[in-house]
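Colleague: Take a look at the letters that make up each chain.
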Amino acid sequence: MSLRELLRRPRCPGVPSALWRTRLRPPPAPRRSLFSGSPTHWNQVVSEAEKIVGYPTSFMSLRCLLSDELSNIAMQVRKLVGTRHPLLNTARRLVHDSRHNLQMRGLVVLLISKAAGPSSTAALSLKHDMVSGIYPSQRSLAEITELIHTAFLVHRGIVNLSELNSSDGPLKDMQFGNKIAILSGDFLLANACTGLAQLQNTKVVELVSSALIDLVQGIYCENSTSAEENCITDDIGISTWKEQIFLSHSALLAKSCQAAMELAKHDTEVQDMAFQYGKHMSMSHKINSDLQPFIRGKCGGSIAFNLNSAPVVLHQEFLGREMWIKQIREAHEKGSLNYSKLQEAILAGKGVTSAIDLCRYHGNKALEALECFPPSEARSALENIVYAVTRFP
Amino acid sequence: MASLGWRWRRCCSWRAASGCPRLGALRNPPEGQGWPAPARPATGSWGQMLHFSLVRCLVSCPNRHSISRFHHTTQAVGCYSETQSGEKYTDPFKLGRRDLTDLYEDIKKELLVSTTELKEMCEYYFDGRGKAFRPIVVVLMARACNVHHNNCRDMQASQRTIALIAEMIHTASLVHDDIIDDASSRRGKDTVNQIWGEKKAVLAGDFILSAASVALARIGNTTIISVLTQVIEDLVRGEFLQLGSKENENERFAHYIEKTFKKTASLLANSCKAVSILGCPDPVVHEIAYQYGKNVGIAFQLIDDVLDFTSCTDQLGKPTASDLKLGLATGPVLFACEQFPEMNAMIMRRFSLPGDVERARQYVLQSEGVQQTTYLAQQYCHKAIREISKLRPSPERDALIQLTEIVLTRDK
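Chain order of the listed sequences is A and B.
Taking this note's numbering, the leading residue of the first sequence gets 1, the next gets one more, and so forth.
Taking this note's numbering, the leading residue of the second sequence gets 1, the next gets one more, and so forth.
In short, the hints are calculated from the structure, not lab data.
Be aware that a few hints might be false.
[Unchecked claim] Derived coverage of chain B by chain A (criterion: at least 3 residues anywhere in the stretch with Cβ under 8 Å from a Cβ of chain A; other residues may be distant):
id	stretch
1	108 to 121
2	150 to 160
3	171 to 184
4	203 to 214
5	294 to 306
By construction, the Cβ of each residue, glycine as well, lies at the ideal position given by its N, Cα and C atoms.
Assemble the whole structure, with the sequences as input and the hints as a guide.
Modeller: Here it is, written out as structure tokens:
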């Protein structure tokens with residue numbers, strides 16, 4: 001299947017999403033998701049939210065999907081099938097995760113736009129352009145947010161050619177994969193820039209561009225450690241971890257939510273609350289996904305988990321770095337890390353429970369920020385998203 | 001050596017710029033028709049084919065008239081074509097640099113990075129060793145437009161920022177291009193990807209572009225944002241054009257010129273346009289600035305493609321015949337292919353067989369490809385001069401005229 005086909009999700013404009021994803025119909029098979037504590041619950045929340053913002057959130061504008069460049073990318077990606085370049089996985093995730101996460105950012109931007117409504121100072125003529133209580137410019141912004149997020153997913157998948165070994169397959173394939181990954185990421189970014197320029201609002205351009213800077217710095221921190229050091233948790237405390245995660249996971253959504261308020265000419269106070277919601281909600285979302293291996297893992301056997309995830313960093317902070325490194329060394333067996341052994345060690349400590357507390361702390365902060373908006377369906381949907389990511393079995 | 005080449009090109013210019021019945025079309029090219037690569041991509045293939053045959057006609061034209069006739073025509077187009085006395089031999093680079101003394105320091109101020117290594121990577125190419133060709137054109141254009149508009153001898157801060165942004169966008173694209181081409185050296189030093197690896201290098205490029213975007217937004221003018229965003233889009237589309245090759249010879253040439261416009265000339269064209277918008281409200285002036293940038297930009301890249309064959313590694317700071325090694329058929333190759341049709345097969349397989357690169361290089365050097373490409377570059381420069389001559393005279397305008405000559409005669 002080509003990327004173009006892959007990207008074209010099985011919904012078409014005009015058909016309410018509820019028709020093909022109704023909450024009455026149980027999912028056909030237990031679908032794995034980041035929120036597998038209750039995948040149906042998450043799907044319900046998203047499905048309800050999508051109904052509120054009007055027509056289905058078909059991001060990655062049609063203009064972008066139908067362009068020559070994208071069909072070119074699809075053709076090139078097909079050549080990568082059979083190689084071990086990470087771009088293939090990214091392309092796959094674009095499809096399979098799309099219902100759970102990929103459009104989450106755009107959806108939140110739309111919901112918060114609707115929750116805030118038109119500002120009292122907005123011209124009456126502008127209100128006529130609203131569809132389901134959302135300005136067209138805010139819809140574009142939601143789309144731009146998704147484009148940026150996807151562009152960086154693609155750029156995250158570049159590989160270092162000098163660190164390859166024989167198991168990665170021919171160098172030529174990896175070179176080609178890098179080439180296509182850069183081009184397609186740049187293509188998505190360029191589309192985002194064009195969309196931004198069309199919003200005709202210099203404050204919004206500045207805000208979203210600064211989110212790009214944050215994102216780059218955040219991703220840089222993610223992979224600044226070399227492959228060798230990768231087998232050990234970074235020497236950071238939870239506050240540094242939070243700063244880095246803000247850059248890599250929260251800044252884009254926070255600033256997009258703020259920009260959505262600017263587009264509707266809301267005052268700085270409302271803008272700040274929207275920023276706070278985006279920031280804290282994505283923070284608790286990230287911690288929730290970090291916690292999954294420790295919640296699911298009990299029944300699912302050994303799963304490799306990120307040694308720089310919230311529970312692990314907290315565990316290291318409680319235990320002290322030296323003790324933690326000792327535990328990691330002890331879990332090394334025949335050159336590879338025994339993750340289930342490591343998991344047991346972490347579950348025995350306070351890392352997991354404090355991570356759950358932290359997740360709820362940010363969830364509460366997000367709910368507090370919502371109090372400045374009048375009660376509405378859209379506001380409830382934003383609350384439900386928070387409830388979904390802060391609910392643990 | 002260089003001056004000899006220049007004289008040859010001059011000869012070539014008057015030899016070709018005469019006699020040919022269709023030459024009128026070139027002297028006063030109808031926009032979007034005979035002249036390649038318009039601002040927006042939608043040119044009909046008909047127009048592009050016309051251009052190709054025009055070029056072919058020009059380069060094979062017999063020698064009949066003299067140089068004076070050509071220059072006469074050039075002058076007739078401009079309304080302020082006489083140069084100011086005493087300013088004729090101004091060194092454009094010297095004049096432009098007066099406004100750019102702290103160019104690289106100021107760019108570094110825009111790159112606010114917390115992580116030291118990322119900072120080092122982002123600043124790596126802003127070491128003052130580059131030619132700063134783009135910023136120089138931009139500040140000269142800004143001053144030329146300001147004088148034209150109301151005899152203003154100052155430059156606005158926002159116009160200077162455009163010069164910074166142009167250099168930043170250019171550098172960001174270099175960083176990504178080097179990963180795409182798997183290049184290991186540039187400007188006589190190792191590339192970013194060579195030193196820090198591809199994973200980090202891609203982020204450095206993204207960072208520089210994002211910083212440029214913030215600086216652009218802070219100018220606070222939505223039109224300027226749109227004009228320079230066009231560049232970012234063109235850069236990516238140009239890179240995509242480079243991925244594909246055309247079988248049809250006529251299409252192939254148009255494809256090459258379009259790619260050249262998008263990858264190189266769009267940046268100059270649109271940043272010239274941006275400073276003209278900031279300096280002067282007249283849309284006619286915006287178009288002059290745009291056309292100057294576009295034509296000089298295409299000429300600049302054509303010469304770059306020539307130098308890839310004629311220069312040595314020491315002069316360029318990067319390996320020669322690099323385009324062939326990447327499988328790309330540039331101007332000199334496409335012209336050589338006219339003379340040696342056996343090159344067609346090599347072009348189609350992107351010089352992938354052992355020995356292809358060296359054989360193609362020999363064909364090019366034996367053919368008229370280098371001269372013909374240089375000649376084409378010269379035509380673009382003439383068009384640029386015709387455009388900029390419509391502005392009121394100023395030292396900066398004359399420097400921009402002079403600059404076209406430097407573009408043609410540079411050897412690195």
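Colleague: If a hint holds in the structure, say so; if it doesn't, say that too.
Modeller: Comparing the hints with the structure gives:
no.	hint	result
1	108 to 121	holds (count 6)
2	150 to 160	violated (count 0)
3	171 to 184	holds (count 4)
4	203 to 214	holds (count 8)
5	294 to 306	violated (count 0)
Of the numbered hints listed earlier, those contradicted by the structure are 2 and 5.
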